[in-house]
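> Okay, here's what each chain looks like letter by letter:
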Amino acid sequence: MSRRVALEASHAAAEAARMADVDVISAYPITPQTHIPERLAEMVADGELNAAYIPVESEHSALSACLGAAAVGARTFTATAGQGLELMHEVVYVASSMRYPVVMTVCNRALSAPLSVWGDHSDAMAVRDIGWIQVFCQNNQEAFDLTLWAFRVGEDPKVLLPVMIHIDGFHLSHVTEPVILPEQEEVDRFLPRFHYPFALDPNRPMTHGAFGPPEIYSEAKLAQEVAFRNSKAVILRGWREFGDIFGRYYHPVEEYRTENAETLFLTMGSFTETAKIVIDARRGKGEAIGLISLRLWRPFPFEEFRRIVKDAKILIVFDRCISPGMGGPVFSEVRSALYDEEPRPKVVGLIGGLGGRDMSEKDFDYVISRGGEIAEKGSEKMLETVGIRGEMVGTGE
Amino acid sequence: MADKLTWKDMEVGNIVTEAGSASFRRTGDWRTERPILDKEKCIKCALCWIYCPDVAIKPSEGGYYEADLYYCKGCGICARICPAEAIMMTEEEEK
Chain A
0 MSRRVALEAS HAAAEAARMA DVDVISAYPI TPQTHIPERL AEMVADGELN
50 AAYIPVESEH SALSACLGAA AVGARTFTAT AGQGLELMHE VVYVASSMRY
100 PVVMTVCNRA LSAPLSVWGD HSDAMAVRDI GWIQVFCQNN QEAFDLTLWA
150 FRVGEDPKVL LPVMIHIDGF HLSHVTEPVI LPEQEEVDRF LPRFHYPFAL
200 DPNRPMTHGA FGPPEIYSEA KLAQEVAFRN SKAVILRGWR EFGDIFGRYY
250 HPVEEYRTEN AETLFLTMGS FTETAKIVID ARRGKGEAIG LISLRLWRPF
300 PFEEFRRIVK DAKILIVFDR CISPGMGGPV FSEVRSALYD EEPRPKVVGL
350 IGGLGGRDMS EKDFDYVISR GGEIAEKGSE KMLETVGIRG EMVGTGE
Chain B
0 MADKLTWKDM EVGNIVTEAG SASFRRTGDW RTERPILDKE KCIKCALCWI
50 YCPDVAIKPS EGGYYEADLY YCKGCGICAR ICPAEAIMMT EEEEK
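These protein sequence lines map, in sequence, to chains A and B.
Numbering that gives the first Met the number 0 applies: residue 0 is where the first sequence begins, and numbers increase by one.
Numbering that gives the first Met the number 0 applies: residue 0 is where the second sequence begins, and numbers increase by one.
Watch out, some of these pointers could steer you wrong.
[Unchecked claim] Calculated pairs, EDC-like style, for lysine to aspartate or glutamate (alpha carbon to alpha carbon, straight line, at most 20 angstroms):
#1 B:7 x A:214
#2 A:312 x A:272
#3 A:361 x A:372
#4 A:345 x A:302
#5 A:309 x A:341
#6 B:3 x A:341
#7 A:220 x B:91
#8 A:376 x A:390
#9 A:309 x A:332
#10 A:312 x A:339
#11 A:231 x A:128
#12 A:220 x B:92
#13 B:7 x A:224
#14 A:157 x B:2
#15 B:7 x A:341
#16 A:157 x B:8
#17 A:220 x B:93
#18 B:3 x A:364
#19 A:284 x A:182
[As the list claims (entries may be wrong)] Over the 12 angstroms line for every Cβ pair with chain B, so calculated as not near, a few chain A residues:
#20 127
#21 183
#22 188
#23 207
#24 259
#25 391
Quick caveat, the hints were computed from the structure, so don't treat them as lab data.
Where a beta carbon is used, it is the ideal one built from N, C-alpha and C, also for glycine.
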């Protein structure tokens with residue numbers, strides 16, 4: 000029998016790592032991720048989890064230790080946030096290029112300065128190009144479910160790639176919600192033991208991390224890119240099989256009331272649940288509006304995304320990050336993904352919820368109204384924002 | 000050899016599954032200085048052989064130890080460690 004318990008998302012992620020029976024945990028505490036390594040340290044100390052827990056002096060070392068552990072075939076887990084993810088930035092590329100299926104939870108946090116421990120997606124957007132499979136969670140159940148799924152997908156012999164699970168700092172990491180925890184037997188059925196085919200072994204010497212001179216580097220990167228894109232099939236199969244065992248089905252692009260929608264609103268992560276309330280209210284008034292959320296961020300789900308938005312007239316994208324001199328990163332990518340499509344919706348972008356700023360139903364209602372206006376008349380403003388005090392000036396050109 | 004490989008030939012994570020493949024690599028062409036052994040001074044203590052980080056110094060005839068210039072990178076550790084000062088580092092350009 001599964002159990003329904005009250006857990007914050009941090010503890011849900013830690014519980015998933017425990018039920019996945021990880022071999023090695025190496026992490027450095029940073030707000031708002033701290034509760035994850037703290038809970039795992041308790042589990043190891045209390046004998047609830049038989050794993051090596053490696054305390055380290057920095058996030059750079061945390062992920063480096065995970066790579067070493069993965070190289071001998073250990074199931075590895077770590078977690079970080081914001082500045083910590085930046086400090087391990089060099090190593091995140093190594094993990095994907097060397098094809099080590101480390102699983103990492105990132106409790107999304109704004110980047111300094113000004114110093115902020117609160118949530119937004121600037122840390123996630125700074126790691127778009129690292130070659131990790133990346134997903135966003137809307138609630139605590141997903142923090143649990145997607146962690147289990149991450150091991151299954153990353154460790155698949157056809158994939159062998161690291162997986163990053165984004166959960167919003169504080170808005171999820173520190174919020175307690177009901178979470179359904181499965182039986183260990185169900186987890187074991189979903190998640191077989193990890194057998195890394197190239198585990199370091201003194202009886203079978205080989206080299207990991209050799210250098211790649213100019214005559215080989217380009218081929219190495221293309222091989223990595225093909226493997227990354229091909230991981231999509233395993234990602235989808237993993238979600239199907241997860242649903243068949245646990246009863247909850249996940250998709251690369253999640254849809255909410257999108258049937259016959261002329262306007263679609265796009266959010267990422269936990270804000271999606273608040274936005275649903277606004278969609279319900281507008282649907283109640285007879286508006287043809289729906290909500291979509293990118294669950295799979297990398298590899299980008301071009302096919303599903305294009306199929307879902309093709310009949311809409313307007314797509315309003317909400318970003319929790321500014322790409323300086325460019326705008327909203329999700330907006331830019333989504334618009335680019337649709338450039339060759341015919342027909343395609345008019346795509347507009349707004350930015351808000353930075354550095355832990357709450358986004359209320361009223362704010363989302365404004366985003367949708369204003370988005371509709373921009374789609375119709377265009378915008379003279381440098382950036383379209385919500386909830387930020389002071390009038391926005393022109394384009395600067 | 001490497002410039003014939005296509006992306007499909009790349010091993011997962013670019014792992015080199017063949018042990019000892021570094022021996023195919025001519026690291027000696029990085030050298031700017033090479034060690035020259037003075038056999039008059041050499042006491043055959045083998046410290047240079049022990050300390051060479053590239054295993055480029057090998058036992059030679061008569062109980063001496065000499066650098067294999069195919070691999071020797073010219074780091075000079077052998078010259079520094081030699082208690083008899085029998086190894087001199089010489090510029091590559093000098094004959």
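> Next step is simple, just say for each hint if it's right about the structure.
Okay, the hints, checked on the actual structure:
1. B:7 x A:214: 14 angstroms, holds
2. A:312 x A:272: 23 angstroms, violated
3. A:361 x A:372: 17 angstroms, holds
4. A:345 x A:302: 18 angstroms, holds
5. A:309 x A:341: It holds: about 8 angstroms lies between the C-alpha atoms, which stays within 20 angstroms.
6. B:3 x A:341: Violated - the C-alpha atoms of residue 341 of chain A and residue 3 of chain B are around 41 angstroms apart, more than 20 angstroms.
7. A:220 x B:91: 37 angstroms, violated
8. A:376 x A:390: 19 angstroms, holds
9. A:309 x A:332: With Cα atoms ~16 angstroms apart, residue 309 of chain A and residue 332 of chain A stay inside 20 angstroms; holds.
10. A:312 x A:339: With a Cα-Cα distance of about 16 angstroms, the restraint between residue 312 of chain A and residue 339 of chain A holds, given a limit of 20 angstroms.
11. A:231 x A:128: With Cα atoms ~17 angstroms apart, residue 231 of chain A and residue 128 of chain A stay inside 20 angstroms; holds.
12. A:220 x B:92: 39 angstroms, violated
13. B:7 x A:224: Roughly 12 angstroms separates the two Cα atoms, so the pair holds.
14. A:157 x B:2: Violated, because 26 angstroms separates the two Cα atoms, which is more than 20 angstroms.
15. B:7 x A:341: Violated, at about 34 angstroms.
16. A:157 x B:8: 16 angstroms, holds
17. A:220 x B:93: 42 angstroms, violated
18. B:3 x A:364: It is violated: about 58 angstroms lies between the C-alpha atoms, which goes past 20 angstroms.
19. A:284 x A:182: Status violated; Cα separation ~43 angstroms.
20. 127: About 21 angstroms separates residue 127 of chain A from the closest Cβ of chain B, which puts it past 12 angstroms; holds.
21. 183: 31 angstroms, holds
22. 188: Check passes; 27 angstroms lies beyond 12 angstroms.
23. 207: At roughly 6 angstroms from the nearest Cβ of chain B, residue 207 of chain A sits no farther out than 12 angstroms, so the non-interface label is violated.
24. 259: Non-interface label stands for residue 259 of chain A: nearest chain B Cβ at 44 angstroms, farther than 12 angstroms.
25. 391: At about 46 angstroms from chain B, residue 391 of chain A clears the 12 angstroms cut-off, so the statement holds.
Hints 2, 6, 7, 12, 14, 15, 17, 18, 19, 23, counting from the list given before, are not met by this structure.
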